[in-house]
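Protein chains: 4
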Amino acid sequence: MTMSDATRSSAYDALTQDLTRRGVDVATVERSLRQQRIETPSWAYGNSGTRFRVFSQPGVPRTPFEKFADAAEVHRLTGVCPSVAIHIPWDRVDDFGALRDYATSMGLTVGAINPNLFQDDAYRLGSLCHPDPAVRRQATEHLLACNAIARGVGSDLISLWLADGTNYAGQDSFIERRHRLIDALREPYADLRDGQRLLVEYKFFEPAFYHTDLADWGMALTLCQKLGPRAEVLVDLGHHAQGVNVEQIVALLIDEERLGGFHFNSRKYADDDLIVGSTNPFELFLIYVELVAAGAAATDRIAYMIDQSFNVESKIEGMLLSVTNLQEALARALLVDRPALVDAQRGSDVLGAHRVLLDAFQTDVRPLTAKVRLDLGGEADPIGTFRASGYADRVATERADGTAMSWT
Amino acid sequence: MTMSDATRSSAYDALTQDLTRRGVDVATVERSLRQQRIETPSWAYGNSGTRFRVFSQPGVPRTPFEKFADAAEVHRLTGVCPSVAIHIPWDRVDDFGALRDYATSMGLTVGAINPNLFQDDAYRLGSLCHPDPAVRRQATEHLLACNAIARGVGSDLISLWLADGTNYAGQDSFIERRHRLIDALREPYADLRDGQRLLVEYKFFEPAFYHTDLADWGMALTLCQKLGPRAEVLVDLGHHAQGVNVEQIVALLIDEERLGGFHFNSRKYADDDLIVGSTNPFELFLIYVELVAAGAAATDRIAYMIDQSFNVESKIEGMLLSVTNLQEALARALLVDRPALVDAQRGSDVLGAHRVLLDAFQTDVRPLTAKVRLDLGGEADPIGTFRASGYADRVATERADGTAMSWT
Amino acid sequence: MTMSDATRSSAYDALTQDLTRRGVDVATVERSLRQQRIETPSWAYGNSGTRFRVFSQPGVPRTPFEKFADAAEVHRLTGVCPSVAIHIPWDRVDDFGALRDYATSMGLTVGAINPNLFQDDAYRLGSLCHPDPAVRRQATEHLLACNAIARGVGSDLISLWLADGTNYAGQDSFIERRHRLIDALREPYADLRDGQRLLVEYKFFEPAFYHTDLADWGMALTLCQKLGPRAEVLVDLGHHAQGVNVEQIVALLIDEERLGGFHFNSRKYADDDLIVGSTNPFELFLIYVELVAAGAAATDRIAYMIDQSFNVESKIEGMLLSVTNLQEALARALLVDRPALVDAQRGSDVLGAHRVLLDAFQTDVRPLTAKVRLDLGGEADPIGTFRASGYADRVATERADGTAMSWT
Amino acid sequence: MTMSDATRSSAYDALTQDLTRRGVDVATVERSLRQQRIETPSWAYGNSGTRFRVFSQPGVPRTPFEKFADAAEVHRLTGVCPSVAIHIPWDRVDDFGALRDYATSMGLTVGAINPNLFQDDAYRLGSLCHPDPAVRRQATEHLLACNAIARGVGSDLISLWLADGTNYAGQDSFIERRHRLIDALREPYADLRDGQRLLVEYKFFEPAFYHTDLADWGMALTLCQKLGPRAEVLVDLGHHAQGVNVEQIVALLIDEERLGGFHFNSRKYADDDLIVGSTNPFELFLIYVELVAAGAAATDRIAYMIDQSFNVESKIEGMLLSVTNLQEALARALLVDRPALVDAQRGSDVLGAHRVLLDAFQTDVRPLTAKVRLDLGGEADPIGTFRASGYADRVATERADGTAMSWT
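Protein chains in written order, with the UniProt record's numbering: chain A, 1 to 408; chain B, 1 to 408; chain C, 1 to 408; chain D, 1 to 408.
Possibly wrong hints are sitting among the right ones.
Treat identical chains as interchangeable: a pair holds within one or across any two.
Straight line, CA to CA, 16 Å or less: simulated EDC-like cross-link-like pairs of lysine to aspartate or glutamate [said to hold, decoys possible]:
#1 LYS226 - ASP194
#2 LYS226 - ASP183
#3 LYS226 - GLU256
#4 LYS226 - ASP25
#5 LYS226 - GLU187
#6 LYS226 - GLU257
#7 LYS226 - ASP364
#8 LYS226 - ASP337
#9 LYS226 - ASP121
#10 LYS226 - ASP95
In case anyone wonders, no lab produced these hints; they're calculated from the structure.
Nothing here was measured: the structure is a model prediction, and the numbers come from that model.
Use the sequences and the hints to build the structure in full.
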């Protein structure tokens with residue numbers, strides 16, 4: 001939907017008048033929206049797919065530098081994506097200082113460092129949990145190397161997804177693996193410097209199909225408790241069993257002071273890695289309602305990161321839509337009438353309380369998020385502007401030769 | 001959220017101007033909204049609960065007549081709920097003609113007749129599928145009696161939910177039960193008059209926990225194929241396994257010319273019977289997108305019925321919210337830019353097509369549905385008006401004595 | 001399947017010879033089987049059902065004393081069920097000393113005390129988490145009363161299932177409810193005497209359908225951590241999301257030294273409360289494999305309790321089958337060739353390790369468990385003996401008058 | 001577990017005596033077991049994995065011929081696997097006559113032909129359902145080519161898995177895609193010769209994550225109804241939503257005379273493609289109980305095929321275990337006391353009927369299946385014999401050079 005500047009301005013005026021009438025302090029809402037930050041992952045700019053096929057797309061980056069160029073385009077259009085998560089070894093370069101400088105030159109920083117403990121041949125039966133101490137040592141060394149890379153690029157986050165698990169009952173001992181994991185993490189944990197944090201991600205299943213060593217938030221949390229305060233839990237929205245109330249887990253991890261960050265995406269079935277908000281935008285809104293309720297606890301330390309796979313759709317457009325979905329989710333959450341909500345909750349007015357959320361959710365916040373993007377130097381209509389910009393055609397030509405990057 | 005008439009009028013003007021700019025024919029949309037009909041179920045006005053507890057609420061009807069009085073209040077406030085489904089024997093009265101006349105006097109009609117094949121002691125191991133022919137005969141007789149009641153109250157719908165199933169592997173034969181079911185339904189089916197239809201509901205599980213004789217849409221459809229054209233499938237939104245794409249089933253049943261009706265509600269886990277749209281309003285919108293796409297196929301013959309349990313919330317308010325949620329879902333679906341959608345689909349523009357739906361979904365349609373309710377003689381703010389009306393207090397007093405109706 | 005004594009003896013000889021050949025120390029296995037204890041719940045002897053119907057059965061107890069009589073029959077036939085869990089207020093009697101004495105006279109003891117925090121009208125929106133402090137106080141008082149009852153009947157276990165939760169997003173605050181819960185439990189926790197323990201049960205959903213305050217093991221565990229060492233987690237096999245690896249959770253809770261007990265049952269869909277082992281006996285075996293692996297950690301303090309609903313089948317027969325299923329699961333787990341398993345696991349022999357479990361699981365252990373029951377004074381064929389005994393007919397006659405007990 | 005001949009013989013004698021005592025006609029059971037046939041898939045001998053990693057194993061075939069060599073080893077050891085399904089283009093060879101001759105020389109035949117409609121770049125948004133008629137034509141041509149290959153290699157089965165679907169709501173029209181699919185299949189269907197059949201597989205999700213065009217058995221069945229009697233449904237055990245009662249679907253498709261075949265595997269979460277029977281052997285048994293009950297309907301025309309991925313375990317050993325699991329499942333199902341089962345079912349003896357199944361399931365049938373394998377020229381202990389044979393080491397050496405085959 002394209003819209004003239006005059007139309008947009010008029011829509012913004014109508015919305016803000018309505019919000020003001022409803023008692024919303026629009027200036028405060030806009031300030032919060034301007035402070036929102038979303039980290040995009042380098043790997044989402046590369047090719048991805050399912051076990052059945054990775055379809056190539058034209059213009060896909062051939063180097064980590066080109067991934068940062070695409071990420072910079074996303075930041076340019078949205079204004080809220082100044083950092084880029086990298087994955088080692090997919091984004092290994094000879095000179096990480098050069099990567100950091102390139103990022104800086106594009107107005108970006110290097111975000112979370114994501115170690116890879118699942119693709120080396122040695123890891124067929126696990127990495128940090130593997131029965132063979134030599135394999136565990138290899139995994140530990142990789143984590144130490146990632147700590148060093150983090151320091152080199154100025155990142156304070158190590159984001160660990162442990163793919164370890166088993167496929168058959170009896171294949172290995174749950175408890176021995178757990179103890180191996182705790183032991184193997186002590187050295188990389190101790191190696192963290194002040195300000196550095198280890199984010200521990202859990203996942204219900206895949207690539208292991210009988211058990212996963214860190215299968216739910218409880219397993220991640222108890223591991224973090226054993227490691228120490230620099231270890232925190234990372235919530236990937238697609239890593240739960242069907243029906244799990246994710247917003248409750250988010251609230252509870254904040255209450256435990258152990259919510260380290262998010263991997264945003266959405267799913268209908270398993271870990272589908274679809275565009276965040278595309279299957280149930282109400283659930284995404286509810287997660288942001290918890291984050292807004294937590295106030296400062298949710299803004300200073302939590303890493304808001306996207307982790308998606310654009311298998312069949314344009315990658316940059318998919319990222320732009322993800323970012324605007326996240327902006328809209330936050331915007332709606334900021335409109336929740338907190339005093340009315342608390343009154344209804346304390347007064348046992350079930351539907352009254354629910355309807356306070358509905359009032360916020362049903363509001364069409366797009367004029368507000370468009371305005372905030374413009375304030376930040378981005379675009380009112382990022383996807384429309386991107387389509388009109390010729391960027392996709394240009395990189396398709398520039399990057400026609402060479403090998404597009406993917407997960408391998 | 002209460003709103004002055006002037007504010008509402010101004011919001012309506014702003015919305016319709018925006019829609020007109022987007023190419024929407026607002027008059028046509030409003031006409032479709034005025035034609036929407038939603039049947040409310042008598043039993044939702046009575047007490048309900050879980051196996052652990054049925055909590056009583058004040059003012060709950062003590063007779064089927066009082067249920068119709070509450071339903072009339074819902075229709076008065078919304079303008080789109082002129083019929084009421086009844087359940088036999090819960091709503092059995094000595095004189096169904098009197099019930100029909102009472103309904104008429106309230107501006108209502110009697111909707112679908114819902115036979116009960118799950119509460120008689122004889123039905124412990126099934127009804128139409130029971131191994132004992134005497135029990136099957138009892139169930140068949142009940143269906144025949146319901147056919148007669150339907151004719152007596154002027155209803156053309158029998159809405160059959162078959163709770164039959166087993167709890168343990170081996171308890172009974174899937175296939176013998178299937179054949180018993182088909183045989184037992186032949187007589188009640190043959191007894192249907194011109195214009196009468198038998199709606200066959202399926203359900204994934206509960207109250208049976210190993211197998212359910214009609215567990216999914218395929219089992220209901222193949223049964224209907226065997227019975228004849230007056231048998232059609234009823235889709236209850238809460239009767240599917242986790243993750244099932246319900247809108248696809250809706251589209252496919254329309255394509256098979258066998259979609260007979262809906263039982264609207266929502267669920268996060270099992271057959272939770274929550275307020276429709278309360279867990280994933282986007283999914284409800286997508287169902288309506290299919291219905292709107294099907295055009296006439298979806299308006300003339302499909303029975304749009306609510307089937308919910310207001311266990312912890314006010315029943316009439318819960319019904320009002322359900323109705324407005326359904327109005328808003330339809331309104332959003334009517335705003336979908338069909339030519340743009342078709343263009344994007346045929347042009348393999350994945351995100352372009354998806355965003356056409358998002359544009360419609362994100363629109364705040366509440367001014368439009370409020371206007372339509374007013375056009376129909378209802379209220380802009382049904383719940384607010386209801387709360388202010390004193391109805392709840394009045395019936396709480398009037399109905400203080402006697403026994404509130406529930407599922408038994 | 002009935003079997004002559006000679007046939008049974010010959011089957012036992014063949015089995016034990018085969019086991020001895022495989023290196024199994026049969027005497028040790030039998031000793032472990034003789035030490036197995038399974039607590040049956042009083043409420044399973046009463047009528048139960050779904051929200052749609054509670055079907056009555058003949059001969060159902062009319063008093064807590066008659067429940068103990070049925071439980072004594074189960075113990076008499078199996079030899080491993082000497083304790084009976086009770087539920088307050090369902091099993092409230094004027095004189096708990098008399099109940100204790102009656103139990104003793106039947107060779108039984110009173111097991112876990114199960115407080116009821118979900119059926120009082122006050123608990124419509126929760127109990128210990130309720131927004132109203134008066135309701136929370138009522139719930140706390142009930143827990144204190146249950147502590148006293150426990151002491152009066154000589155039980156050291158309070159088994160708390162908290163049904164609290166909400167049905168709609170926004171209905172209440174996750175975190176405020178959590179804090180209310182922790183606060184409300186402090187006094188009953190402090191009231192526990194030496195040797196008494198509080199078992200905290202979690203449940204995925206039902207009766208609440210949006211969120212449950214203790215929805216998974218992580219929520220129960222973090223609560224126990226806050227309360228202290230006398231609070232432990234109770235695992236009900238039917239209280240998990242689909243696909244959850246329950247045996248892993250069991251192992252992990254033992255490793256955390258917080259596994260307090262089980263509620264055994266089985267499920268295919270939700271909390272179906274079917275006979276334990278009836279939907280996936282391999283999963284039940286795997287749980288026992290973890291318990292056997294944990295050795296002493298799993299025998300001294302863990303409460304092994306059944307929690308089931310025999311909705312359509314004979315209650316006492318269903319209980320007998322449950323108990324024999326549990327005996328067989330333990331027997332199979334005791335046959336696992338641990339040295340071979342460890343060798344295969346450490347040697348990364350995936351299928352070798354898995355097949356060690358299969359070897360144990362596929363063994364027909366029924367001659368062994370029959371022998372153990374006889375050793376304990378029970379019966380080789382408990383259900384056959386029960387059917388032949390006339391007990392069912394006798395109590396059907398004796399208990400023909402009066403009101404059968406159920407969940408209310 | 002290795003076992004001497006004498007021990008095995010003695011175990012067989014003990015078992016058959018026991019079975020005879022229970023009224024089982026052992027000779028008939030053995031005859032049925034000798035008639036069992038299981039088709040193994042060529043692709044399972046090649047490397048496989050998840051989207052995260054395909055781990056290579058030593059000795060993996062480099063050509064379709066080498067896959068047949070491995071399959072011949074499986075047949076040699078088990079006696080029941082004389083045919084091998086192939087996948088086009090993975091198994092495309094210049095001269096299919098040569099492949100057929102090679103198969104014959106190994107005692108094998110070529111089984112079902114599996115077209116690939118998911119890996120060509122053209123298929124990113126679908127194949128037979130694609131919006132572009134040129135892509136649909138390409139897919140149709142591939143099916144026609146597969147028909148020709150089938151005739152060339154003497155196979156009468158085309159086994160079609162359609163991966164088509166969409167990732168985002170609105171991406172394409174459910175109904176237009178359905179009509180495209182029906183239209184595109186008419187020509188390949190009409191091209192089938194007498195005796196040839198088209199097996200239509202359904203799958204809940206993956207690789208598409210919003211909707212799958214053939215997502216459940218109902219969608220496959222209604223498609224087959226439209227095509228004609230040579231189209232039948234294929235049931236892959238891993239292609240259902242959580243909790244779905246697969247044995248009921250099997251029974252129902254037989255009743256509809258549309259069950260064409262199986263893809264055997266097992267799953268705990270999604271389409272995990274694990275060794276059949278490894279997560280719930282009781283469920284596999286129940287499927288065979290239905291097949292045995294269907295008698296001739298289940299033996300003549302149904303294709304029993306394995307479809308698995310041995311990602312972390314030895315591929316040939318995994319196949320051997322799969323085959324013996326299937327033999328044991330059938331053996332147990334053949335032991336069900338049908339007259340007793342029918343008596344109990346018709347007499348409403350819930351637990352009596354269930355226990356008839358338990359009696360069969362709990363029987364240790366391994367001596368019986370070992371005997372049958374020996375009768376057929378196979379091995380009592382296929383995996384033990386294979387491990388001792390040196391085959392794995394030999395092919396690891398022989399196939400050290402060149403590229404191992406996998407899914408691409």
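Checked hints:
1. For a Cα distance limit of 16 Å, the shortest separation of LYS226 from ASP194 qualifies neither inside one copy, at 18 Å, nor across copies, at 28 Å.
2. For the identical chains of this complex, LYS226 and ASP183 are intra-copy neighbours only, at 10 Å inside a copy versus 25 Å across copies, given an alpha-carbon limit of 16 Å.
3. When the C-alpha separation of LYS226 and GLU256 is checked against a cutoff of 16 Å, the pair qualifies both within a copy, at 14 Å, and between copies, at 11 Å.
4. Neither within a single protomer nor between protomers do LYS226 and ASP25 lie at most 16 Å apart by alpha-carbon distance, with minima of 43 Å and 39 Å respectively.
5. With identical chains, the CA atoms of LYS226 and GLU187 are at most 16 Å apart within one copy only, with a shortest distance of 13 Å there and 29 Å across copies.
6. Taking the shortest Cα distances, LYS226 and GLU257 sit within 16 Å of each other both inside one copy (14 Å) and across copies (14 Å).
7. In this assembly of identical chains, the alpha carbons of LYS226 and ASP364 never lie at most 16 Å apart, being 45 Å within a copy and 42 Å across copies at closest.
8. Taking the shortest alpha-carbon separations for LYS226 and ASP337, neither the intra-copy value of 39 Å nor the inter-copy value of 32 Å comes in at or below 16 Å.
9. In the homo-oligomer, the alpha carbons of LYS226 and ASP121 never lie at most 16 Å apart, since the shortest distance is 29 Å inside one protomer and 43 Å across protomers.
10. Taking the closest pair of Cα atoms, LYS226 and ASP95 never come within 16 Å of each other, the shortest separation being 35 Å inside a single copy and 48 Å across copies.
When the structure is compared with the earlier hints, violations turn up for hints 1, 4, 7, 8, 9 and 10 and for no others.
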